[in-house]
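According to the working numbering, the stretch in the sequence shown is residues 1 to 280, in order.
Calculated from the structure, these hints are not laboratory results.
Don't be surprised by glycine CBs; every beta carbon is placed ideally from N, CA and C.
Accuracy of the hints is not assured; some may be wrong.
[Stated by the list, open to error] Simulated restraints, written as ranges between beta carbons of each label pair: (1) ARG54 / THR153: 34 to 40 Å; (2) ARG240 / THR153: 36 to 42 Å; (3) VAL177 / ASP239: 25 to 31 Å; (4) ARG240 / HIS20: 35 to 41 Å; (5) TYR180 / PHE243: 19 to 25 Å; (6) GLY141 / GLU37: 52 to 58 Å; (7) ARG240 / GLU37: 35 to 41 Å.
[Stated by the list, open to error] List time: in silico SDA-like cross-link candidates among lysine to any residue, alpha-carbon distance up to 25 Å: (8) LYS178 / THR126; (9) LYS178 / THR110; (10) LYS234 / GLN81; (11) LYS234 / VAL244; (12) LYS178 / GLN86; (13) LYS234 / GLU220; (14) LYS178 / GLY154; (15) LYS234 / VAL177; (16) LYS234 / ASP254; (17) LYS178 / ARG191; (18) LYS234 / SER251; (19) LYS234 / GLU22; (20) LYS178 / ILE136; (21) LYS178 / GLU97; (22) LYS178 / GLY90; (23) LYS178 / THR112; (24) LYS234 / ILE248; (25) LYS178 / SER128; (26) LYS178 / SER166; (27) LYS178 / ALA143; (28) LYS178 / PRO160; (29) LYS234 / GLU21; (30) LYS178 / ILE132; (31) LYS234 / ASP250; (32) LYS234 / ASP212; (33) LYS178 / THR153; (34) LYS178 / THR101; (35) LYS234 / THR246; (36) LYS178 / GLY141; (37) LYS234 / CYS249; (38) LYS178 / GLN81; (39) LYS234 / ALA253.
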Amino acid sequence: MSNHHAVECWLTDMDGVLVHEERAIPGASEFLQALQETGRRFLVLTNNSIYTPRDLRARLLASGIDVPEEAIWTSALATAQFLADQRAGGSAYVVGEAGLTTALYNVGYTMTEREPDYVVLGETRTYSFTAITRAIRLIEGGARFIATNPDVTGPSTEGPLPATGSIAALITAATGVKPYYVGKPNPLMMRSALNRIDAHSESTVMIGDRLDTDVRSGLEAGLRSILVLTGSTKPDQVDRYPFVPTRICDSIADVVPLVHELAPHPDDDVTGYGSHDDAV
Numbered sequence: 001m002s003n004h005h006a007v008e009c010w011l012t013d014m015d016g017v018l019v020h021e022e023r024a025i026p027g028a029s030e031f032l033q034a035l036q037e038t039g040r041r042f043l044v045l046t047n048n049s050i051y052t053p054r055d056l057r058a059r060l061l062a063s064g065i066d067v068p069e070e071a072i073w074t075s076a077l078a079t080a081q082f083l084a085d086q087r088a089g090g091s092a093y094v095v096g097e098a099g100l101t102t103a104l105y106n107v108g109y110t111m112t113e114r115e116p117d118y119v120v121l122g123e124t125r126t127y128s129f130t131a132i133t134r135a136i137r138l139i140e141g142g143a144r145f146i147a148t149n150p151d152v153t154g155p156s157t158e159g160p161l162p163a164t165g166s167i168a169a170l171i172t173a174a175t176g177v178k179p180y181y182v183g184k185p186n187p188l189m190m191r192s193a194l195n196r197i198d199a200h201s202e203s204t205v206m207i208g209d210r211l212d213t214d215v216r217s218g219l220e221a222g223l224r225s226i227l228v229l230t231g232s233t234k235p236d237q238v239d240r241y242p243f244v245p246t247r248i249c250d251s252i253a254d255v256v257p258l259v260h261e262l263a264p265h266p267d268d269d270v271t272g273y274g275s276h277d278d279a280v
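Construct the complete structure from the given sequences, taking the supplied hints into account.
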């Protein structure tokens, strides 16, 4: 494999790629070990905005996967960064959990129910009708509507749970206002992740289990992509999409040898600017 295929950085989705229902997917630990052995920069991405990176690190550790806190990038963090860039030191009314409120506090945002700049909707385990009603009235009153991610359901051991996209649809039905979604498949989430680890799209690969979010946002951000079949997208669904991943693997275990195989040599032009080829 020629030099310009070298992969300097890796982005990977979490649910369906590294873990499934709180249990590590075989090969996940070995994949992270391979990244550390080869000195690759990486981020674990999640559209879920409930947990802080510290919480997620603890949850992953409980399932036997060791990911540093600073290597976790959530839609809550991406949303907070987006809002800080758009309107520094602004205010928000938040419907969500600690992952989202903490991220917004950390970028200098104020939480308020009185004339906020934004209504920010994220995931929560217990959506409050009172909070949703307040969000609707604030949006009617002129607050801008932001949502962390468009996922309409999330997984749980009992079956699917309504997620941010479903509640956003309810608020949109009541107000006629659609939110701006920051998380996948918005390539903004990918770009903010690339910036966080100082990565170039030409030398970075995105691993995901969903064609409609992970692969699509990777494609739109100019990344090569690997689809693993341990999560949402099943093999017979792949042909239904108008775009394809660069490569399809059965699971993260099949990606482990690629980390070593595609690691750049010291004399490589790792930015990939020298030439461009889509073969992973």
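Going through the hints against the structure:
The given range of 34 to 40 Å is broken by ARG54 and THR153, whose C-beta atoms sit roughly 26 Å from each other. Between ARG240 and THR153 the Cβ separation comes to about 19 Å, which falls outside the hinted range of 36 to 42 Å. Between VAL177 and ASP239 the CB atoms are about 36 Å apart, so this pair departs from the stated range of 25 to 31 Å. Between ARG240 and HIS20 the beta carbon distance is about 23 Å. The supplied range of 35 to 41 Å is therefore violated.
Between TYR180 and PHE243 the Cβ separation comes to about 23 Å, which falls inside the hinted range of 19 to 25 Å. The hinted range of 52 to 58 Å is satisfied by GLY141 and GLU37, whose Cβ atoms lie roughly 54 Å apart. For the pair ARG240 and GLU37, the beta carbons lie near 37 Å from each other, so the given range of 35 to 41 Å is met. Annotation: proposed proximity of LYS178 to THR126 holds, straight-line Cα distance about 22 Å (limit 25 Å).
Of the supplied pair hints, the one linking LYS178 and THR110 holds, its CA atoms being roughly 23 Å apart against a limit of 25 Å. Under the criterion of a C-alpha separation no larger than 25 Å, the hint pairing LYS234 with GLN81 is inconsistent with the structure, at around 33 Å. Of the pairs offered as hints, the one joining LYS234 and VAL244 holds, with about 13 Å between alpha carbons and a cut-off of 25 Å not exceeded. Under the criterion of a C-alpha separation no larger than 25 Å, the hint pairing LYS178 with GLN86 is consistent with the structure, at around 18 Å.
The suggested pairing of LYS234 with GLU220 holds, with an alpha-carbon distance near 22 Å, which does not exceed 25 Å. Under the criterion of a C-alpha separation no larger than 25 Å, the hint pairing LYS178 with GLY154 is consistent with the structure, at around 20 Å. Restraint check for LYS234 and VAL177: not satisfied, since their Cα atoms lie roughly 34 Å apart, outside the 25 Å limit. Restraint check: the Cα-Cα separation between LYS234 and ASP254 comes to about 17 Å, which is no more than 25 Å; the hinted pair holds.
A C-alpha spacing of about 23 Å is found between LYS178 and ARG191, which places the hinted pair at or below 25 Å, so the restraint holds. The suggested pairing of LYS234 with SER251 holds, with an alpha-carbon distance near 12 Å, which does not exceed 25 Å. Straight-line distance between C-alpha atoms of LYS234 and GLU22 comes to about 20 Å, which keeps the hinted pair within the 25 Å bound. Annotation: proposed proximity of LYS178 to ILE136 holds, straight-line Cα distance about 11 Å (limit 25 Å).
Between LYS178 and GLU97 the CA atoms are separated by roughly 21 Å; this keeps the pair inside 25 Å, and the hint holds. A threshold of 25 Å between alpha carbons decides the hint, and for LYS178 with GLY90 the separation of about 20 Å falls inside it, so the pair holds. Taking the CA atoms of LYS178 and THR112, the gap is about 21 Å. The hint holds against a cut of 25 Å. Straight-line distance between C-alpha atoms of LYS234 and ILE248 comes to about 11 Å, which keeps the hinted pair within the 25 Å bound.
For the hint linking LYS178 to SER128, the alpha-carbon distance of about 20 Å falls within 25 Å, and the restraint holds. Taking the CA atoms of LYS178 and SER166, the gap is about 12 Å. The hint holds against a cut of 25 Å. Under the criterion of a C-alpha separation no larger than 25 Å, the hint pairing LYS178 with ALA143 is consistent with the structure, at around 12 Å. Restraint check for LYS178 and PRO160: the C-alpha separation of about 23 Å stays at or below 25 Å, so the hint holds.
Proposed proximity of LYS234 and GLU21 is supported: the alpha carbons are some 17 Å apart, at most 25 Å. As the CA atoms of LYS178 and ILE132 are separated by approximately 14 Å, the hinted pair is consistent with the 25 Å bound. For the hint pairing LYS234 with ASP250, the CA-to-CA distance comes to about 10 Å; that is within 25 Å, so the pair holds. Note on LYS234 and ASP212: the hinted pairing holds, with a Cα-Cα distance of about 12 Å set against a maximum of 25 Å.
Taking the CA atoms of LYS178 and THR153, the gap is near 18 Å; set against the 25 Å cutoff, the hint holds. Distance hint between LYS178 and THR101 is fulfilled; the C-alpha atoms sit about 21 Å from each other, no more than 25 Å. With a C-alpha separation of about 16 Å, the suggested pair LYS234 and THR246 falls inside the 25 Å cut-off, and the hint holds. A hinted pair counts as satisfied when its Cα atoms are at most 25 Å apart, and LYS178 with GLY141 qualifies at roughly 15 Å.
Between LYS234 and CYS249 the CA atoms are separated by roughly 11 Å; this keeps the pair inside 25 Å, and the hint holds. For a cut-off of 25 Å, the pair hint linking LYS178 to GLN81 stands: about 20 Å separates their Cα positions. Restraint check for LYS234 and ALA253: the C-alpha separation of about 17 Å stays at or below 25 Å, so the hint holds.
Hint violations for this structure: numbers 1, 2, 3, 4, 10, 15, all remaining hints satisfied.
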